[in-house]
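In the order they appear, the protein sequences are chains A and B.
The opening residue of the first sequence carries number 1 in the working numbering; numbering runs sequentially from there.
The opening residue of the second sequence carries number 1 in the working numbering; numbering runs sequentially from there.
Hints are computed from structural coordinates only; laboratory data are not their basis.
As the structure is a prediction and not an experimental result, all values here were calculated from the model.
By construction, the Cβ of each residue, glycine as well, lies at the ideal position given by its N, Cα and C atoms.
There could be a bad hint or two in this list.
Claimed, not checked - Derived pair list, reagent style DSS-like, types lysine-lysine, alpha-carbon separation capped at 25 Å:
#1 A:K222 / B:K269
#2 B:K82 / A:K428
#3 B:K82 / A:K331
#4 A:K123 / A:K298
#5 A:K238 / A:K275
#6 A:K174 / A:K388
#7 A:K344 / A:K332
#8 A:K245 / A:K332
#9 A:K144 / A:K428
#10 B:K82 / A:K91
#11 A:K83 / B:K82
#12 A:K56 / A:K163
#13 A:K332 / A:K56
#14 A:K91 / A:K245
#15 A:K428 / B:K269
#16 A:K53 / A:K428
#17 A:K64 / A:K275
#18 A:K69 / A:K245
Unchecked claim - One side of the interface only, derived from the structure: several residues of chain B facing chain A at Cβ under 8 Å:
#19 P63
#20 R139
#21 D143
#22 N160
#23 Q179
#24 A194
#25 P196
#26 G251
#27 G253
#28 D272
What the hints assert, rightly or not - Away from chain B, derived, C-beta distances all over 12 Å, residues of chain A:
#29 K64
#30 D110
#31 S133
#32 K174
#33 A276
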Amino acid sequence: MRSHTRLSRSLAAGSAAVVLGITLTACGSGSGSSGDSGSGEIHVLVYGDATNKVEKQIVDTFNKTSKVKAVLDTIPGADYQQKLQTIINTKQAPDIFFNWGGGSIKPFVDAGLLMPLDDMIAKDPGLKANFLSSVFDTAVVDGKAYGVPMRGTQPVLLFSNTKVLADAGVAAPKTFDELLAAVQTLKSKGVTPIALGGGDQWPTLMWFEYLYDRVAGPDLFKKALGGDKAAWASEDSKKALGMLKQLIDAGAFGTNFDSVKFTDGGSPALLARGKAAFELMGSWEYSTQQDANPDFTKSSLGYGSFPTVTGGKGDPKNVVGNTNNFYSVLKKTKHPEAVAEFLKLQYSDEFVQGQLAIGNLPTTSNTPKYLSSAANPAYSAFQFDLVKAAPSFQLSWDQAYPPAAITPIHQAVQQFFNGQIDENGFIKAMQALPNS
Amino acid sequence: MTTTLATGAVTRRRPASRAGTAVTRPGFAWALPATVFFVLFAIVPLVLVAVLSFTRWNGLGSPEFAGFDNWNRLFDDPVMVKSLWLSLLLTLLGVAVQTPISILLGVWAAGHQRNRAVLSAIYFVPLLLSATAVSVLWRALLDPNFGIPAEAGWLFGDGNLFGSQSGAIGVLVVVGAWQFTPFHTLIYQGAARAVPPVLYQAAAIDGAGTVRQFFHITLPQLRNAIITSVILMVVGGLTTFDTVLILTQGGPGTDTTISAYYMYQKAFKGFDFGTGSAVALLLVLVATVISLAVVRLSGYDRMRSTSEGL
C-alpha cells in the first residue's frame, strides 16, 4: 500500500508538471529593465539579434545630449512576444518597445496600455512625414498612430534561379498566366517549378497574401480584418482560391512541400542547387542565400515582383510582407518629451547609415541618399523603389491579425494546400478567426 | 521498485519477524522538504490553473471570470477531441514499439560479456542528447530532397513524411523510440540481472533451451519491471511536447496536434490562457485516470515480489 500512495503521488507530480509550464513561465520573466523610470531613465526594449548594434549606437547618441538617459534592454530570440506580453502590464514594463505593428500591438491598444503618437506628430510632423506612408500605416490602429518604423523593410519577392530558367527557355513571368505556362515547361524538364517550405506554414501563406491582393485588392483583407466575415465568402475570395488551386493542381510546388522547411535551409537549397526554379520569400532570402550559397547568389539569384493577374482589382504595384518593425510607447511613461526626442532619431542620417551597413533597408525618406553605401546597392534600390511606389503594403496576415489567429491561419493554409479542406473549408476557417 | 527487490533479497536470509520490528518508520519531519516542494510546485500551480480555466485572460490586466465558457467551447472543439485521441494513439504506439525492443535489448545487455557492455554503452548515447537536438537532427535527416528519403525512394516514395498524418505520426513514433528505448533497456537490463541464476540452472537441468528459458523464467521475472516501464512510457507519452514542436508543429494541419501541444498553441501562441489552462487540466484528468487504471489493472499497487519462495 505504501508503494501505491508513493506512486500515485509521483504520477500526480508528473501530470502537474504539464500544468507547471503555464504558471512558471508566466512568472519567470527576468527582463533586464528595472522599471525605475522615475530617476530619469527611459527603457527601450528590443528583440535581441544582430541589429542591436545599431540600436545601441542610437541609444548612445541620444544619451550624449539628453538629460533623461535611455537604457537598451534586449530579449533574445523567439520568445520576444511571450515575454513582452508578460511584462507589459507590470512595473517592469519598458517605456518604448519593439514590435511588428498591426495585430502584435492591437491587444495592447485594446487594453489601453499604449500612447497614441498623434500629439507628438502634431508637434513634430517629421515623425510621420519622414517615413514611407505605406509602411507607417502598419502601426496605425483604429485611426491612430501607435508606432514609428525602427528597422528595415522586408517585402516578399519572387526569387528565381536564372540559370534554371535560361536552360528551360523560360522568361521571368510577368503575369499569372505566364507563371502557369512556366510551371508546365519547368515540369517537363524535371524541375520542381516552385520551392515551398510548407513545413513552416508561413511561406505557404505568402501565396495567399499576394493572390488575394492581386485579385481583390487590399480592401478585401482590410474588411475581413475589421470583422466583415462576408468578405471571405465573396466572389473575389473564391477566385483567388481557385487560382491557388490551379497552381497546386498543376504541380507547381511538387508533392512533398509540407516536408520541406525554409527555416532549416531546405527550400533555399532547392533553389540554389537548381532543383527548383522559383521561391516566393521575404527579402531576407537574399542574405540567407548569400550565407549558404555565395556563388549561386552572385551568378544566378534572380528577384522580381509578384506577377500581375489579368482583370484583377489590386494594383500590380502592391506589395505584401513585413513592412518594418516599430517602436511603440507606453501610456504610463514618465518622460514623453524624451521619448519623442528618441523617436526622432529613427529617421536620422546616422540611423539610416547604420541600418544599411548591417544589411537592413530603412523606410525613411532620406534612405535613397545612402543606398550606394548598402551591402548590395542594386538589390536595396530595387526594394526601396518597390516599397516606395506601392500604393498598399499589406502586412503578413499572421501579423495583421491578433496572436490568437496565428495558429488557425497557418493550419488553414496548410490544409488548403494539401487538399484536406476545400474552398468552403478555407472560407469557414477564416470566418472563424478571432479579430480582437 | 528496486527497494522492494532489495528488501526481498535481504529478508531472504533473516527470520521474517525480526525484519518487521527492526524497521521503524521515519517521522513526518523527514518528508517535510519534499512535501513543501511538491505543494509549492505541483499542487499550487495545479489549483491556479484550475482557477484560470474558468477565466478569460490574455496575460494583460486581470483575469475575468468566464464561467464554463472555456469548457463548453472545448467540448465542442473538434481539435480538442482529436488531440486527446492523438495523444492516446501516440502513447499506445510508443508502448507497443518500445516495450518489445527494450525487453530484448535489456535482456541481451544483461549478459556480462565485454562486447555487450561496450555496445550497451554506445547504445545509451541517444538518451544523453536533448530532445530538441534529437528532433532537429532527425528533421534534417528526413528532408525529402537532401536527406535519407532522397536516397531511398523505393522506401519513402516522394519523401513527403511530414505531409501526411500517417507519415508524421510514424516519424514521431520512430524518433521517440530511438530516443527513449535506451532508458527502458536500462530498466530491463537491471531487472534481468536481478533474476536469480539458480532458476536458469534448474531449467537447464530440466532441458529447457534459451527460448523456453526466456519465456518461462525471464519474462515472468520481469513482470514488475515491465509495469514500471510501461507506466513511465504512458506518462511520458501523454506529455510529449518537444518532438512535436520541432518535428511537425502539430501538422499537417492539426493531424499531430496532441493535447500538450494544443495547450501550448492556445496559451503561448494565442495568449488565451483560459482555454490553455482548461486543456492542461483536461490532460491532467485524462492522464490521472489512465495512470490509475494501469496501476489497478497491472496489480502494481500490490506489487508482489518475484522472489517469493526462493
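Quick rundown of the hints versus the structure:
Only pairs whose Cα atoms come within 25 Å are accepted, and A:K222 paired with B:K269 is accepted, the gap being roughly 23 Å. As the CA atoms of B:K82 and A:K428 are separated by approximately 19 Å, the hinted pair is consistent with the 25 Å bound. Restraint check: the Cα-Cα separation between B:K82 and A:K331 comes to about 43 Å, which exceeds 25 Å; the hinted pair is violated. For the hint linking A:K123 to A:K298, the alpha-carbon distance of about 47 Å lies beyond 25 Å, and the restraint is violated.
The straight-line distance between the Cα atoms of A:K238 and A:K275 is roughly 32 Å, outside the 25 Å bound, and the hint therefore fails. Between A:K174 and A:K388 the alpha-carbon distance is near 20 Å, which keeps this suggested pair within the 25 Å criterion. A threshold of 25 Å between alpha carbons decides the hint, and for A:K344 with A:K332 the separation of about 20 Å falls inside it, so the pair holds. Annotation: proposed proximity of A:K245 to A:K332 is violated, straight-line Cα distance about 49 Å (limit 25 Å).
Proposed proximity of A:K144 and A:K428 is contradicted: the alpha carbons are some 31 Å apart, above 25 Å. Using a Cα cut-off of 25 Å, the hinted pair B:K82 and A:K91 is violated, with the two alpha carbons roughly 41 Å apart. Taking the CA atoms of A:K83 and B:K82, the gap is about 30 Å. The hint is violated against a cut of 25 Å. The straight-line distance between the Cα atoms of A:K56 and A:K163 is roughly 41 Å, outside the 25 Å bound, and the hint therefore fails.
Between A:K332 and A:K56 the alpha-carbon distance is near 24 Å, which keeps this suggested pair within the 25 Å criterion. At most 25 Å may separate the alpha-carbon atoms for a hinted pair to count; A:K91 and A:K245 exceed this at roughly 50 Å. Proximity of A:K428 to B:K269 is assessed by CA-CA distance (about 21 Å); at most 25 Å being required, the pair is judged to hold. As the CA atoms of A:K53 and A:K428 are separated by approximately 45 Å, the hinted pair breaks the 25 Å bound.
Simply put, A:K64 and A:K275 have alpha-carbon atoms about 53 Å apart, too far for the 25 Å limit, and the pair is violated. For the suggested pair A:K69 and A:K245, the alpha carbons sit about 55 Å apart, so the restraint of at most 25 Å is broken. Annotation: B:P63 was flagged as interfacial toward chain A, and the flag is violated, the nearest CB pair being 11 Å apart, outside 8 Å. Using the Cβ-Cβ criterion of 8 Å, the hint placing B:R139 at the interface with chain A is satisfied: the shortest such distance is roughly 6 Å.
Because the closest C-beta pair between B:D143 and chain A is about 5 Å apart, less than 8 Å, the hint holds. Interface restraint check for B:N160: the shortest CB-CB distance to chain A comes to about 4 Å, inside 8 Å, so the restraint holds. Proximity of B:Q179 to chain A is violated relative to the hint, the smallest CB-CB distance being about 18 Å (cut-off 8 Å). Nearest Cβ of chain A to the Cβ of B:A194: about 17 Å, over the 8 Å cut. The hint is violated.
At its closest, the beta carbon of B:P196 sits 22 Å from a beta carbon of chain A; the interface hint therefore is violated under the 8 Å criterion. Annotation: B:G251 was flagged as interfacial toward chain A, and the flag holds, the nearest CB pair being 6 Å apart, inside 8 Å. Restraint check, B:G253 versus chain A: the minimum CB separation of about 4 Å is within 8 Å; hint holds. The interface hint given for B:D272 is met, as the beta carbon of that residue sits about 6 Å from the closest beta carbon of chain A, less than 8 Å.
Taking the minimum C-beta to C-beta distance to chain B, about 35 Å, the non-interface status of A:K64 holds against the 12 Å cut. Once the 12 Å rule is applied to beta carbons, A:D110 is inconsistent with being away from chain B; the minimum gap is 9 Å. The Cβ of A:S133 lies farther than 12 Å from every Cβ of chain B, with a closest approach of about 30 Å, so its non-interface assignment holds. The beta carbon of A:K174 sits about 29 Å from the closest Cβ of chain B, which is more than 12 Å, so the claim that it is off the interface holds.
With a least beta-carbon separation of about 9 Å from chain B, A:A276 fails to lie farther than 12 Å from that chain, contradicting its non-interface assignment.
Hint compliance for this structure: hints 3, 4, 5, 8, 9, 10, 11, 12, 14, 16, 17, 18, 19, 23, 24, 25, 30 and 33 are not met, and every other hint is.
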